[in-house]
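*Asks:* Listed below, chain by chain, are the residues.
There are 2 protein chains.
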Amino acid sequence: MTRKSSITASTVNAMVNAGQLRGWHDLLAAEPHVAGTHGDERVIEKLRATFESFGLETDVHEFWALLPRPSAAVLQIVSPEQRDLILKERVLDEDLYTQHPALDPGWNAFSGSGDVTGEVVYANYGRKEDFETLATLGVEVRGRIVIARYGGNYRGYKAKFAQKAGAAGLIIYTDPAESGYTRGLLYPEGGYANDTCIERGSLQTLPYIGDALTPGVEATRDAPRLKIDEVGLCAIPVQPIGYGAALEIMKRMTGRAVADHAETRGWQAGLPVPYRLTGGEALRVRLKVEQDREIRRSANVVGVLRGSEEPRRMVVIGCHHDAWGFGASDPLAGTIALVEAARALSRAARELGPPRRSIAFCAWGAEEYGIIGSSEWVEGNRDLLATDAAAYFNLDMASMGVDFGSSSGPSIRRAIASAAAEVPQARDPERTVLDAWMGRGGDATDPSLPAFGDLGGGSDHVAFWCHVGVASAGLSAGGSPGTSYHSIYDNLAWYRKVVGEDYESAMMITRMAAGSALRLATEELLPIEPWVCVSEFRRHLRDVSGRGAAAGLWNAPEAATEPAAAQDGLAPVADPLAELDRDAASTQRELLETVAAWRDRVAAGKVSADELNDLNERLLATDRAWVLPEGLPERPWFKNLLAAPDRDSGYASWMLPMLRRVVEDKDAAGLEAAVKAYTGVFRSLREIVEIPGA
Amino acid sequence: MTRKSSITASTVNAMVNAGQLRGWHDLLAAEPHVAGTHGDERVIEKLRATFESFGLETDVHEFWALLPRPSAAVLQIVSPEQRDLILKERVLDEDLYTQHPALDPGWNAFSGSGDVTGEVVYANYGRKEDFETLATLGVEVRGRIVIARYGGNYRGYKAKFAQKAGAAGLIIYTDPAESGYTRGLLYPEGGYANDTCIERGSLQTLPYIGDALTPGVEATRDAPRLKIDEVGLCAIPVQPIGYGAALEIMKRMTGRAVADHAETRGWQAGLPVPYRLTGGEALRVRLKVEQDREIRRSANVVGVLRGSEEPRRMVVIGCHHDAWGFGASDPLAGTIALVEAARALSRAARELGPPRRSIAFCAWGAEEYGIIGSSEWVEGNRDLLATDAAAYFNLDMASMGVDFGSSSGPSIRRAIASAAAEVPQARDPERTVLDAWMGRGGDATDPSLPAFGDLGGGSDHVAFWCHVGVASAGLSAGGSPGTSYHSIYDNLAWYRKVVGEDYESAMMITRMAAGSALRLATEELLPIEPWVCVSEFRRHLRDVSGRGAAAGLWNAPEAATEPAAAQDGLAPVADPLAELDRDAASTQRELLETVAAWRDRVAAGKVSADELNDLNERLLATDRAWVLPEGLPERPWFKNLLAAPDRDSGYASWMLPMLRRVVEDKDAAGLEAAVKAYTGVFRSLREIVEIPGA
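Chains as they are written, first to last, in my numbering: chain L, 13 to 706; chain X, 13 to 706.
Since the hints were made in silico from the structure, they are not lab data. Nothing false has been slipped in among the hints.
List of simulated lysine-lysine pairs, DSSO-like, C-alpha gap at most 30 Å: (1) X:Lys263 / X:Lys100; (2) L:Lys100 / X:Lys263; (3) X:Lys263 / X:Lys140; (4) L:Lys509 / X:Lys263; (5) X:Lys651 / X:Lys678; (6) X:Lys509 / X:Lys100; (7) L:Lys176 / L:Lys140; (8) X:Lys100 / X:Lys58; (9) X:Lys509 / L:Lys263; (10) X:Lys263 / L:Lys263; (11) L:Lys263 / X:Lys100; (12) L:Lys263 / L:Lys176; (13) X:Lys239 / X:Lys176; (14) X:Lys176 / X:Lys678; (15) X:Lys58 / X:Lys509.
Could you put together the complete structure from these sequences and hints?
*Replies:* Shown next as structure tokens:
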């Protein structure tokens, strides 16, 4: 039998080092490194060398994905007077990074190419409901150039809905109410967007994530590929700008004011002009965007710390490495914690013995274009992950302040909270992270847990969580006054001015990642709590029930008359969901009792190695029980019945997505299939924990 | 016996005429008419002639009051560069009124005179709590020039608190978040403040209203007067400016950002710069203000429509006539309704017989300086009003839109609501005013009534309501998109563009004023409901109880255990107030039952003329029962125990002011006297309605 590891959280905590974190930051943020560029290649090589230096089993996992590059962009006011608008950030004497020649002007990857001129329409956030409001008010969008502000949804949906409404082009700007003088001091004096600051970013919105041309399969060099024209990428030109340029357009608009309609009163934001729905005939704007659509190579860098007793089973910690510029915050505020966790844990393993299970450290490529690297790796390792991945921890942009938080799959929440009880709070070491976190509010259902967010879309956890069903969590800390998101100001000068020089946030995140992973990698019985998924199911079922009643799909549930429902203190659900709720309630009880009994037996040393292996296999299977093999209707790549990205806005999550879709589409006919799918989950869960003869 | 009047609401409604209202507007808004100026004299003469032409008993009631005039003002940025800031509004080609030579630059009456230079401190709204926050954050105000935004309190308190904090001077500006691009289109395109628009206004904050030199007595030519230096008028220079000028100062400030402190995060408003607490050493501003402090003559114009059966008893309708410029909105949007109500009611009286009781139409002078004309008239007629005034209806700025509302003393609310049931809604004549009003929400205590506001300070009702105890109400309608408040843009061009050309709002207000007054002037038994005052007392007692608990004066009330308290569905009050609440509850029941019985007997014709007179006298006495002859502690001019202006902010009201003061000052020692005073009110109320032998 292999030597038992004696790694503890406190030994790892002591090994984490601010100077090292600063060093990784210097190493990785030295130059712009957009996916598919030479800077990207150099970062990949640095990561490979670093992981190898830790003694990890290191693999550079290459992929070939559709990674557009910009070649030209023009934005002009054509009339009433001609004026070119600036499409790049101000170069600053106070921040020499802003002078780097490899920095791109502002652009949105996957924009269509084109040269259009037209009148202007303001569409607020460019959400589905915003375009519906414009239609209600009789505002013509067709043939016009839409200007929309960042916020409210994923930018790809702004483009999707603008194109659907017939817009000729789209301009997206950062409103000062979101980041600018309305929020605080401006960069370089403070941390918020100055008038030239531009948020870059991808527009990819497809019914899957990862490489646009290889859904469901790994994007190897020779993988079968869709034709680009079949994929349904954005066709209209889209250009992001700063609020200085936006003001030049907005102040020349002469149409109806947003304040004149109750529906659009909230569309007024932070620019010093009355916002208007239309620009009027006199104002004409020209937008020209050119981008290639080439397949380019990038890579994930994966380093494995091999476990001693269950080496196939693994905990994965990941963060992407690609950026829109230097990426000191996005992603490197997470990547440096990933690297430092790898260093500390591999050193601890050398000194104290490796953990029971393997820990994989994954620096993902091309996240920014569409969560590509992680998705391709997951697609290439789907079967292994389905059977043997215990959890995935994502660290994208993780160290941005001292206020720790997590959005997480339900089954590993207690493991994360337990880790937080052993990590000192950044800049307040007398307290633990858990103390500070609980101080900001407890979980709605279980007051012994801190408040976790619902894990949806937006970063490298999506393939793990939504495609394969691996329990996943984002770990991050925020609260610093400012943002340089996707701008050329996202560099070390900004980070050290705004987040700080002390790397306290990054130390806390490193310890949280290492500590959470250690719990999953070292405890004999996996600390997975399948009943919490069911408890969360029931909470979200109440939300869906209410939404369905509001949408007229069913009658609002009456006050509880059944003793069972009244007993557990939960609000009733609508009649067509009531049986499902009872099924969930009994499943929840059975899971709780059974797994508690397992835990007692393991603690008492009454379980053989084979039995333990069987119980762990069952625990992993409980997370996968939520996976519907055929996937969700209309977007089968997403298979987790507990959570999916919000279909209509991107960043947020749809919980119980198959039921939620029924409600959103008012598709009463789809209800039966949805209920059946969830009933199947509960049957599976009960079967998984049922041990013949036990 | 005199001929019974057959005036009905519908006959009066039919007599109200939009063309007439427009004509009164043309007549009274023809030139600037600041109190004490030649324009003021001409308006007084026009009103006298108009009232006489209606056949009213007309009196020009002169008074001599302290009415300062401005002589000079300079506001300069001295360093880092020198720059004069503009202290008057932009003259507009679209609005020829703006060119009138008699218009004053921006000024605040009762400013100190002086010439000061210093650094700048931003104090948000300049409220008591804002200066406390600055002190907490260690921001030095002493010797500096404070810049504060309008809103949040009466401007006089901004000056009072700035002076108390040691400021050298005060600049008050209109923030675009209050009126400007944040709210809608700017004048002259729309109705909101452009960058030069300046809110003028008085700074008088004394423990009484009316002429500063003659508290408690009428300001006749020869009245005994206080010395100016004894009065405690504002000593520092104060200057109002537009947001364009404010931006010139704010954008040069270099100190700490308001966003950097949790306490001041809400201080950021609508200017396109990060707001800061301090200007820094480099920014120096000079403020020079010169004003005289002269006693000037002005006058009220009072026209009485004499009642037939109870001619001494009167209902008063009032609105001031003085303005800071043309005053098309403030006050004339109310004054024209006053004049038209006088015309319609006097014509109706000629044709159908005069009403039972007298109606006095009062156009007040010098309201803008400190509610002077109405206060001097009330002081001169105090005894008559105390015995014989049935109600006061105030129409200041009343016709500003179609959404009718009222802040009102409790006892006449049902009379106003009944009148609203007989008046067609402006621009929606299929509905009544009551329908539309109820549609915006009902009263918190009595769902059969629409929602009324609590009547506090701010206009000509104050002397009637707070000094003498006459049941009073403000009647007004708003909802038009914009404001030109106290600026040179408050003229007919602005009013007709923003509120409209149709005078629908003014017709509605005229009808509401005439209809409400008619109910009080014609019903045999006065429609005064004394139990509603007690019901409102109990509601406000709960508020005071909660505030006292929050301030630590007493323990928070426990959940009701007493059946009595639980029975009426009201929350319990803190122990030291519980006996008072029980007292109120029994008084409320007794009033309700007794007056209902009176009403039944009168309706059944079982009451003699003498008995009726006695009952009406008793009803009038119930309103006066709330008057404490010695007045409130520290400000004895205010005598109504039900309501007073907010001592620390001006416009708002303190309900149950003697109890509220105990809470605000945490003066537990004052509680006994306060409870005793209210106990006395309830004893009086019960005595008033107790008829020996009945």
